[in-house]
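Asks: All chains, full assembly: derive it from the sequences and hints.
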Amino acid sequence: MPGPIDATTAPLIRVEALTRRFPGVVALDALTLDIAPGIVGLVGANGAGKSTLLKILLGLLAPTSGRVEVMGYAPWTQGTQLRRYVGYMPEHPALPPDVSATEFVAQAGQLSGLPAKAARERTADVLRHVGLAEERYRPIGGYSTGMRQRVQLAQAIVHDPRLLLLDEPTNGLDPAGRDEMLGLILRTGTEFGIAIVLASHLLGEIEAVCDHLVAIDGGRLLRAAPMAEFTAETGILTVEVEDGRDTLAAGLAGRGLRILDGFGPADRTVRIALDGGVPFDVVRDTVADLGLPLVRVERGRHSLEDLFRDDLPAASAAVAAEAAVPATGPTSGDPS
Amino acid sequence: MTAGGDRVSAGPGPAGSIYDIGYRGYDGPRLGRRHAFSTLFVGGLRATFGLGRSGRAKIVPAFCVALPAITAVVIVALGAFASRFGISDLGVIPGHPDMAGSVGVFATILVAVQAPELLGRDVRYRVLSLYFSRALLREDYALAKLAALGAAVMAMLLLPHVILTIGAVLLTTDVLGALGREAGYWPAILGSTALTAAATAGVALAVAAFIARRAYATVAIFGVFVVPGIIAAVVITLELGAASRYLVLLDLGTVLDAANAWLFGVAPTAGIWPVTGLPVSLGLVAAIAIALGSGVILVQRYRTIAA
Chain A
8 MPGPIDATTA PLIRVEALTR RFPGVVALDA LTLDIAPGIV GLVGANGAGK STLLKILLGL
68 LAPTSGRVEV MGYAPWTQGT QLRRYVGYMP EHPALPPDVS ATEFVAQAGQ LSGLPAKAAR
128 ERTADVLRHV GLAEERYRPI GGYSTGMRQR VQLAQAIVHD PRLLLLDEPT NGLDPAGRDE
188 MLGLILRTGT EFGIAIVLAS HLLGEIEAVC DHLVAIDGGR LLRAAPMAEF TAETGILTVE
248 VEDGRDTLAA GLAGRGLRIL DGFGPADRTV RIALDGGVPF DVVRDTVADL GLPLVRVERG
308 RHSLEDLFRD DLPAASAAVA AEAAVPATGP TSGDPS
Chain B
4 MTAGGDRVSA GPGPAGSIYD IGYRGYDGPR LGRRHAFSTL FVGGLRATFG LGRSGRAKIV
64 PAFCVALPAI TAVVIVALGA FASRFGISDL GVIPGHPDMA GSVGVFATIL VAVQAPELLG
124 RDVRYRVLSL YFSRALLRED YALAKLAALG AAVMAMLLLP HVILTIGAVL LTTDVLGALG
184 REAGYWPAIL GSTALTAAAT AGVALAVAAF IARRAYATVA IFGVFVVPGI IAAVVITLEL
244 GAASRYLVLL DLGTVLDAAN AWLFGVAPTA GIWPVTGLPV SLGLVAAIAI ALGSGVILVQ
304 RYRTIAA
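Those sequence lines, one after another, are chains A and B. The numbers in the first sequence follow the numbering used here, run straight up by one, and end at 343. The numbers in the second sequence follow the numbering used here, run straight up by one, and end at 310.
Don't read these hints as lab results, they were simulated from the structure. Treat the numbers as computed from the prediction; the structure is a model and nothing was measured. Some hints here could point you the wrong way.
One side only, chain A facing chain B, incomplete, derived with CB under 8 Å [as the list claims (entries may be wrong)]:
(1) Leu67
(2) Thr87
(3) Pro97
(4) His99
(5) Pro104
(6) Gln114
(7) Ser119
(8) Ala125
(9) Leu189
(10) Asp288
Cβ atoms here follow ideal geometry from the backbone N, Cα and C, with glycine treated the same way.
Replies: What follows is the structure in structure tokens.
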């Protein structure tokens, strides 16, 4: 049986004016977004609405209003058909202690629609892929946190889903376990060809594995764009000197460059707003002429943290435009 | 149905590791809710009897299956002795209509111990969110558990009847006559065991659905099976008015006994039912209502339970 839709012609996930209210709180507030196949990071602070969105995409929660479509299915009304093609890893441990990984994952495969024999075969496959060896025949109760997380990933991919929803998949892992889990996720998305939506509040994680990013805050879309745009070069050139910062600023301003306000008396950097080309030559000549001890010249880059900075009005103002046209260039580097 | 498809990744690449022999996609059939339901049903049935679990998990089910069967074997043996010594009045030896009263307590024990096992674990370890994210509905989960426990109880209750029937046929010279007599019992046997199974499994699961801790749930289930009977007995004995006798309808054991009596066309054997003077047909109605009502409570609980 072929997949439900041709992934090349329609977006994987389409969300339109989606609102979900709980008593006393609006978890999702008129959220509109399209998600294309790939590894998509869903980022936001705790309580931003990530888990609510994932549960609605799975058809486990009904939207209060708005429209949702996942691979052509309406999750709330066609959940059982849709979920044959979706894998889900919840943010909390969800494994029974008294059965073995083999038994549990095989049952999970059958519950997702695999015939018994295929479920057993694929269980052996995916447990090998996540790196569980002989211990897979022992009861899960004796596993380490890292092993349990691998089982949780295995149960999510045992039925070869087209879409994998991961909710904080590195919860509770130590740094080494975290790196291994991220490596597995990256492989699942690239080698196995399974589209992934990875919800996390850890920006570093998202940056490491995702190629697209959706940022939500307070149930609203903050920004959705390819990862490259979030870490693109900014319109700022930073020049750091050992001392003589003000002298340098005056010198550069004298040569026609626009100098941005400093960060205070202890600041040793001059930040130049770039209006067109990058004036490396001018900076070099000015520093040389003034005889200043140069430390570095660096082209500024956006960091994901910029998204959640309150002091950047540009970020929230740009939301509507960015969401509608995800292919726009990087935001302006105006550092108000 | 073949696993392994067109999406075969390359062998060990830059991201590959030592166990990497490539990922195989799945292009075989993807079944739906019915398959998921029967998977949960079979799993629940195995769990109820402790199959695939530790030896400790098998103790109670084995006890609950073996003792009714042994009871039936003893009855058959008694009948054989009785006929050898020429005692033709088989009325003193229990038969099919009496089995519900004799072995019903084992059904109570089985559901009180295994209903929390079937439901509590998935709540306590939050496994429900992994079940509900699959090709089934919350209702399917609850009903599959009910079907599994109900089928287990029914099988356990049918076994002694099967033994009685086999004994009756083997220990007689008039095989055809015995077969005819036994066949006459079987509609009532099937009705009585099915009703007992549905009501006891339903009530036990409906209670267990609200109590995740296994030990507390077991105590609560025994309470629901025992306490209403005590209250009804006390109130009815005190003769606190004509309406008080309807309290007996809350006592599942007595109600099932009355339903069994109606199905077999005999008098209710035990308890306070005869004292109340209510018709046994009311017991049948009450038993069906309890079975259906507990099923509705169970399904409603699972529609909203946190996962």
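Asks: So which hints don't hold here, by number, going up?
Replies: Violated: hints 9 and 10.
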